[in-house]
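Participant: For reference, the chains in residue letters:
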Amino acid sequence: MRSRWSYVYFAFYLLLGVVLLFLNNDLSKAVITLMNVIIVLVPLIGTIFGVMYYYNSQEFTELLLAQPIKRSSIFLGQYLGVALSLSMSLILGLGIPFVFYGLFESSAIWDFSLLLITGTFLTLIFTALAFNIALSNENKIKGFGYAILLWLFLAVIYDGLFLMTLIFFEDYPLDKVSLIGTMLNPIDLSRTLILLKLDISALLGYTGAVFKQFFGTSFGLIVSFVMLTVWVVMPVLRIIFKSKKKDF
Amino acid sequence: MKHILALLAVILMTQFTCAQTVEVCKTCPISTLSDGISQAKDFDTIVVKKGTYKEHNVIVDKPLTIIGENYPIIDGELKGEIITIISDNVTVDGLFIINVGNSYTADYAAIRVKNSKNFLIQNLVLEKLFFGIYIEKSRDGKVFHNKIIGEAVEEYNSGNGIQLWYSKNVLIEHNFVQHVRDGIYLEFSDFCTIKNNVSTLNVRYGLHFMFSNDDLYEDNTFENNGAGVAVMFSRRIKMFNNSFKENWGTASYGLLLKEINDAEIKGNTFEDNTIGINVEGSNRINYTHNTFKNNGWAIKVKGACYTNIFTENNFLYNSFDIAYNSKVNDNEFDKNYWSSYTGYDLDKNGIGDIPYRPVKLFSYIVNRTPETIILLRSMFIDIIDFSEKVSPVFTPDDLLDNNPLIKKLTW
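Residue numbers (full-length UniProt numbering), protein chains in the order written: chain A, 1 to 248; chain B, 1 to 411.
Calculated from the structure, these hints are not laboratory results.
Be aware that a few hints might be false.
Simulated pairs of lysine-lysine, DSS-like, Cα-Cα distance not exceeding 30 Å [what the hints assert, rightly or not]:
no.	chain 1	residue 1	chain 2	residue 2
1	A	197	B	348
2	B	293	A	197
3	A	140	A	212
4	B	54	A	197
5	B	302	B	147
6	A	212	B	302
7	B	147	A	29
8	B	348	B	302
9	A	197	A	176
10	A	212	B	408
11	B	114	A	29
12	B	407	A	29
13	B	407	A	212
14	A	212	B	245
15	B	195	A	29
16	B	114	B	79
17	B	79	A	29
18	B	195	A	197
19	B	258	A	29
20	B	258	B	348
21	B	389	A	197
22	B	147	A	197
23	B	408	A	29
24	B	238	B	348
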């Protein structure tokens, strides 16, 4: 089950990469387009796939639980299996066409590797969140519903609320608020990380010392990566915690 | 006729034979440049040999040619102005001038040309300067192939590399200016040509026009300045084939236009600037064949701009193509290539079948609340931009390119 879907996923990215390069003839523009795709699609697929996998293998998991194996290693193993195979599909699927297209001689290589790194982080984060949802909801329909809602919230609604807040409080100094707001959403966080590479000239247009320090130095990059790591670690810890307590 | 020609020839010959060469060196009878000048007659040539000459307030009051051999150093010892030219027909060539005095009341320059005609200043190297080459109330001269490297940090206590004040018909060519306040500054100077210069890393502007009309600048490079070029309160300026790069920062522009009328901007490249062109109160400007690439904002229009025409430009991967701060539009966009155009071309004539709207709603929001820039390229923003595109409410609804090109323009 798992392997078949990850092949499909791999094929999808392979096709996407090939088509993009075929149509664009320009590596850096293809990277920008991919960024939009990755930021929306990777979390969606990570979430759906994570929930789906958990519910599908529930009976097998219960069988495994009867064996003398540590609970944490069962669930962590499942989680890592899904997340890593998804990440591999992403990296290979996009990497192969770009490498063939002459990525190594191009200046876009850093942008591209940043893209793959954020893509991998997003897969790890959203699969972990999906496992959390699935662990907390016995009801499959409910679980799927929450998973989709989570994705929709973080990908779209959050930004809407964020924007409204910023406009509503526009009379106050907002640069710290806006940076913190970004940190609290992994999708925004990865978007900012990529913005740092692609749109730095626009970002520097805003007058604000905090912004300037964040975007103008490697400080922003480091903080973003730390936050992404925190975003992976927190849900994984909850998986371990929850799986130890859960009644099957 | 023949007689007259012969006579002229004889006069010219005698002129040349009369012109003497005066040598200045450390061990010669004449050991300073000022002595050399006072001993020389009109139209003599002064050759300054290699060495260090500690001089300031050198006044060139007769038509002379001053040539430095192997770059002799004229050291002003920070005492004030170094060379002042007050005569017509003076040539200064091949000197290395350092240590111009700093002052808050007088504009000391390494070399000043005052009320003179037909001057030629070339192959100079200026370092540790306040003002570099200062040309005031002069005309018909040439400033060619000089290298000016300052140490400016702050605006208030630094001077400009090449400054023209009330001058006419001056050619500024092949100069290299770095680390000063304004690389090249023109005030009340008309009919000047600025060509093939490289102006980088300056504190304020690479090139700055104030109240100057009918000037031309072409093939220059402006990189990494506070702002690339500022053109203010001037008319009929031609700007051709320049390159504006990496002018980054909160108030940084590739090109700043303020109160400019009837200008022509053609064939320029704007790359990696925070704002490519910032336009304020400027009318009747033609923008053609320019390339805007990877800028934060390609063009920011700030009101009171009428009858500006943008045709056949390339807008490539800018975070924002055009930003407006009003709902009124009297400018025309036609036949440009926009990399973010998503339309189609069914009749295959190279022109997209649906118009392109270069102003996004988001650029409006950013204008109002600058912090929202952090939401750039978010999906929510794409959605609201899309809905604004379908039915414009906040952006000028007549602001569109009716004939967006499908393929990037090449010239």
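Participant: Hint by hint, note whether the structure agrees.
Facilitator: Each hint tested on the structure:
Under the criterion of a C-alpha separation no larger than 30 Å, the hint pairing residue 197 of chain A with residue 348 of chain B is inconsistent with the structure, at around 36 Å. For the proposed pair residue 293 of chain B and residue 197 of chain A, the alpha carbon gap of about 15 Å is at most 30 Å, so the pair holds. For a cut-off of 30 Å, the pair hint linking residue 140 of chain A to residue 212 of chain A is broken: about 46 Å separates their Cα positions. Taken as a hint, the residue 54 of chain B and residue 197 of chain A pair is broken in the structure, with Cα atoms around 51 Å apart against an allowance of 30 Å.
About 36 Å separates the Cα atoms of residue 302 of chain B and residue 147 of chain B, which puts this hinted pair outside 30 Å; it is violated. Only pairs whose Cα atoms come within 30 Å are accepted, and residue 212 of chain A paired with residue 302 of chain B is accepted, the gap being roughly 24 Å. Simply put, residue 147 of chain B and residue 29 of chain A have alpha-carbon atoms about 39 Å apart, too far for the 30 Å limit, and the pair is violated. Simply put, residue 348 of chain B and residue 302 of chain B have alpha-carbon atoms about 36 Å apart, too far for the 30 Å limit, and the pair is violated.
Taken as a hint, the residue 197 of chain A and residue 176 of chain A pair is honoured in the structure, with Cα atoms around 21 Å apart against an allowance of 30 Å. Between residue 212 of chain A and residue 408 of chain B, the direct Cα distance comes to roughly 34 Å. Violation of the 30 Å bound is thereby established for this hinted pair. For the given pair, residue 114 of chain B sits about 53 Å from residue 29 of chain A by alpha-carbon distance, which is inconsistent with the 30 Å threshold. Between residue 407 of chain B and residue 29 of chain A the alpha-carbon distance is near 14 Å, which keeps this suggested pair within the 30 Å criterion.
A threshold of 30 Å between alpha carbons decides the hint, and for residue 407 of chain B with residue 212 of chain A the separation of about 36 Å lies outside it, so the pair is violated. Distance hint between residue 212 of chain A and residue 245 of chain B is fulfilled; the C-alpha atoms sit about 20 Å from each other, no more than 30 Å. Annotation: proposed proximity of residue 195 of chain B to residue 29 of chain A is violated, straight-line Cα distance about 34 Å (limit 30 Å). Distance check on the hinted pair: residue 114 of chain B and residue 79 of chain B sit about 20 Å apart at the alpha-carbon level, within 30 Å; holds.
For the suggested pair residue 79 of chain B and residue 29 of chain A, the alpha carbons sit about 56 Å apart, so the restraint of at most 30 Å is broken. Using a Cα cut-off of 30 Å, the hinted pair residue 195 of chain B and residue 197 of chain A is violated, with the two alpha carbons roughly 34 Å apart. Between residue 258 of chain B and residue 29 of chain A the alpha-carbon distance is near 33 Å, which puts this suggested pair outside the 30 Å criterion. As the CA atoms of residue 258 of chain B and residue 348 of chain B are separated by approximately 40 Å, the hinted pair breaks the 30 Å bound.
Under the criterion of a C-alpha separation no larger than 30 Å, the hint pairing residue 389 of chain B with residue 197 of chain A is consistent with the structure, at around 27 Å. Restraint check for residue 147 of chain B and residue 197 of chain A: not satisfied, since their Cα atoms lie roughly 35 Å apart, outside the 30 Å limit. About 13 Å separates the Cα atoms of residue 408 of chain B and residue 29 of chain A, which keeps this hinted pair within 30 Å; it holds. Of the supplied pair hints, the one linking residue 238 of chain B and residue 348 of chain B is violated, its CA atoms being roughly 35 Å apart against a limit of 30 Å.
In summary, the numbered hints that this structure violates are 1, 3, 4, 5, 7, 8, 10, 11, 13, 15, 17, 18, 19, 20, 22 and 24.
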